[in-house]
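Asker: Chains as they are written, first to last, in the working numbering: chain A, 1 to 260; chain B, 1001 to 1264.
Hints may be right or wrong, so weigh each one.
Heads up, incomplete: computed chain B residues facing chain A, CB under 10 Å, no partners named [said to hold, decoys possible]: (1) R1077; (2) G1083; (3) N1088; (4) Q1104; (5) I1105; (6) L1107; (7) R1124; (8) L1132; (9) P1136; (10) R1137; (11) S1140; (12) S1148; (13) P1157; (14) I1161; (15) D1163.
Far from chain B by the CB rule (all over 12 Å, computed), these chain A residues [to be verified]: (16) V11; (17) V27; (18) N48; (19) V79; (20) T90; (21) Y92; (22) I148; (23) D150; (24) F151; (25) A164; (26) T177; (27) K180; (28) Y204; (29) Q208; (30) P245.
Using C-beta positions, here's what the derived DEER-type ranges look like [as the list claims (entries may be wrong)]: (31) A1254/B to R142/A: 51 to 59 Å; (32) R1124/B to Q250/A: 27 to 35 Å; (33) P245/A to R1187/B: 33 to 41 Å; (34) A248/A to R1187/B: 36 to 44 Å; (35) E1138/B to W113/A: 50 to 58 Å; (36) E237/A to T1188/B: 44 to 52 Å; (37) P1005/B to P93/A: 47 to 55 Å; (38) E147/A to T1249/B: 24 to 32 Å; (39) T119/A to A1074/B: 54 to 62 Å.
FYI, nobody ran anything at the bench for these hints, they're computed from the structure. Quick caveat: nothing in here was measured; it's all calculated off a predicted structure. Note that beta-carbon positions come from the ideal geometry of N, C-alpha and C, so glycine has one too.
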Amino acid sequence: MRGLIRRWRTVFGFLLLFLLWEVGVHVFGVREYILPPPSQVVRALVKNWQPVAASAGITALEIVAGYALAIAVSIPLAVGIAFSRAMEETVYPVVVFLQIVPKIAVAPLFIIWFGFGFTPKLLLVFLLSFFPIVIASIAGFRAIDPEIMDFVQTTGACGLRAFAKVRLPYALPEIFTGLKVGAAISATAAVVAEFVASDRGLGYLLLQYNGDLNTQMVFATVMVLGAIGLAVYFAVELLERLAIPWHASQIDRQDEPGLV
Amino acid sequence: MSAAPAAIIARGLAKSFQRRTVTTTALASIDLSVAQGEFVAIVGPSGCGKSTLLRLIAGLLRPSAGEVATNGHAVTRPVTDIGIVFQNPVLLDWRTVLDNVLVQIELRGLRIADYREQAVALLRAVGLGEFLASLPRELSGGMRQRTSIVRALIHDPPLLIMDEPFGALDALTREQMRIDLEALWLRTRKTVLFVTHSIDEAVLLADRVVVMSPRPGRIEQIIDVDLPRPRGIEARQAAVFVETAQRITQIFLARGILHQSRGL
Ligand SMILES: Nc1ncnc2c1ncn2[C@@H]1O[C@H](COP(=O)(O)OP(=O)(O)O)[C@@H](O)[C@H]1O
Ligand SMILES: [Mg+2]
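If we strip away everything but chain A, and leave its shape as in the complex, we get:
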């Protein structure tokens, strides 16, 4: 019952936003090519859905593939850095340094190296979502209470068993924080990569519509991009809910007074 109310409130929040937008545009007489009302954006999207859908498929693939690659590389790397003194002293400083470099700056370079196709997009998504995941995961593995590790040591458990039963679950909340930041960045990364050089994808389409002053379709494309980003984010959140239902971030606060 409470969950239902909360969901309705979320939907209501979005409806309110669109309503304000629609009314605002009409009341202030904003020109259509500056800011079209949402009703027209939706109408334009319905009319031109075919090129948008085709581009969305391409961009979504770049996002998902790059993000998946980032997860596949960053978590094992974080494990290595958290558990090996040698790796901590060699690899970790490099990771910290690279994290500070604005990685978007290398996007043009990727074109020289890998051309105009799928690869540079995949790599930019990978590069941008990789760092928040590594940094958060390392923090997660390090945050363990030393007394828990004292206890684990008195059980004589081997490293692998201690990892699976204690260290990994202990780090999961932080890892998921990193995964969510990474998910949010990956859609941005794909569009930027397509801006730099591309002949397909939503980023390319966006530039085309922008060049034509087709503001309605620019907004329509942005909305679709937002939907893709949101879908990835919610997929991670769903996974989080399944993986760490015990964590404070997942607990329904319905017993607390004052939250109506």
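Given the coordinates of chain A, assemble chain B with the ligands onto it according to the supplied hints.
Answerer: For chain B with the ligands alone, coordinates are given in the frame of chain A:
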């Protein structure tokens, strides 16, 4: 009858910590022998090396000098036939009370089915029968610490090491835990090494009280407590209790760890 080896023997045990140019001598030359089935308490002001001593005995720390053996085996790496309890219960947030106890078994690679019944029985015995499926965050501090104590006992270790286990609890809960721990000990007769900074608690629980003083940490005196068991609530009124507690207080006074009132 061949004599069983002492539960704990420490000879000349010392530990210094090196931090850049600063060396802290946490513990200087400890000699201690604890018999099988004995309940020994260690009292001393904070920073006198009590935790360090326990960690050396458990093999969680390497001594700078001297040696220690538990149950006849020289300690060279973490001791596994041991149960350990800290001031914080350090339970796993994602596991229920029962599973927090059984993690001991899982980490040891033993068969959970062989221990489940015993885990439930022990949890019932400490009053947690209704909370087997609760998560740690749903329990009070005392209940969490009870879970932690059961976790330290489920694999039936001969030696139980407790580092200020009641230090985070309120006075009432503390008194109850003290009484329950004694009852548990009377049934199982494990060797217990119990660190506290409460003189009362040490005297009420232990067969012998090891009095420590700081800088560097050393054993000041070891005092026998000649009080009949079980030592319920009334034990506090016993002449022996008052006398023994007084003796320990005198040691701290003499060493300048406690002062007569000088006003604040
Ligand atoms: N890992 C460590 N590194 C440096 N100094 C330490 C470390 N552990 C303990 N010490 C020092 O050793 C002394 C004894 O500490 P501890 O055994 O924790 O005392 P207690 O448990 O009696 O309060 C303290 O002065 C403390 O600062
Ligand atoms: Mg201590």
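Asker: Give a verdict on every hint.
Answerer: Evaluated hints:
| no. | hint | in the structure |
| --- | --- | --- |
| 1 | R1077 | 9 Å, holds |
| 2 | G1083 | 8 Å, holds |
| 3 | N1088 | 6 Å, holds |
| 4 | Q1104 | 6 Å, holds |
| 5 | I1105 | 9 Å, holds |
| 6 | L1107 | 4 Å, holds |
| 7 | R1124 | 23 Å, violated |
| 8 | L1132 | 16 Å, violated |
| 9 | P1136 | 9 Å, holds |
| 10 | R1137 | 8 Å, holds |
| 11 | S1140 | 16 Å, violated |
| 12 | S1148 | 9 Å, holds |
| 13 | P1157 | 9 Å, holds |
| 14 | I1161 | 9 Å, holds |
| 15 | D1163 | 9 Å, holds |
| 16 | V11 | 31 Å, holds |
| 17 | V27 | 50 Å, holds |
| 18 | N48 | 48 Å, holds |
| 19 | V79 | 19 Å, holds |
| 20 | T90 | 23 Å, holds |
| 21 | Y92 | 22 Å, holds |
| 22 | I148 | 5 Å, violated |
| 23 | D150 | 5 Å, violated |
| 24 | F151 | 6 Å, violated |
| 25 | A164 | 10 Å, violated |
| 26 | T177 | 16 Å, holds |
| 27 | K180 | 19 Å, holds |
| 28 | Y204 | 45 Å, holds |
| 29 | Q208 | 49 Å, holds |
| 30 | P245 | 8 Å, violated |
| 31 | A1254/B to R142/A: 51 to 59 Å | 44 Å, violated |
| 32 | R1124/B to Q250/A: 27 to 35 Å | 30 Å, holds |
| 33 | P245/A to R1187/B: 33 to 41 Å | 37 Å, holds |
| 34 | A248/A to R1187/B: 36 to 44 Å | 37 Å, holds |
| 35 | E1138/B to W113/A: 50 to 58 Å | 55 Å, holds |
| 36 | E237/A to T1188/B: 44 to 52 Å | 47 Å, holds |
| 37 | P1005/B to P93/A: 47 to 55 Å | 49 Å, holds |
| 38 | E147/A to T1249/B: 24 to 32 Å | 30 Å, holds |
| 39 | T119/A to A1074/B: 54 to 62 Å | 59 Å, holds |
Hint compliance for this structure: hints 7, 8, 11, 22, 23, 24, 25, 30 and 31 are not met, and every other hint is.
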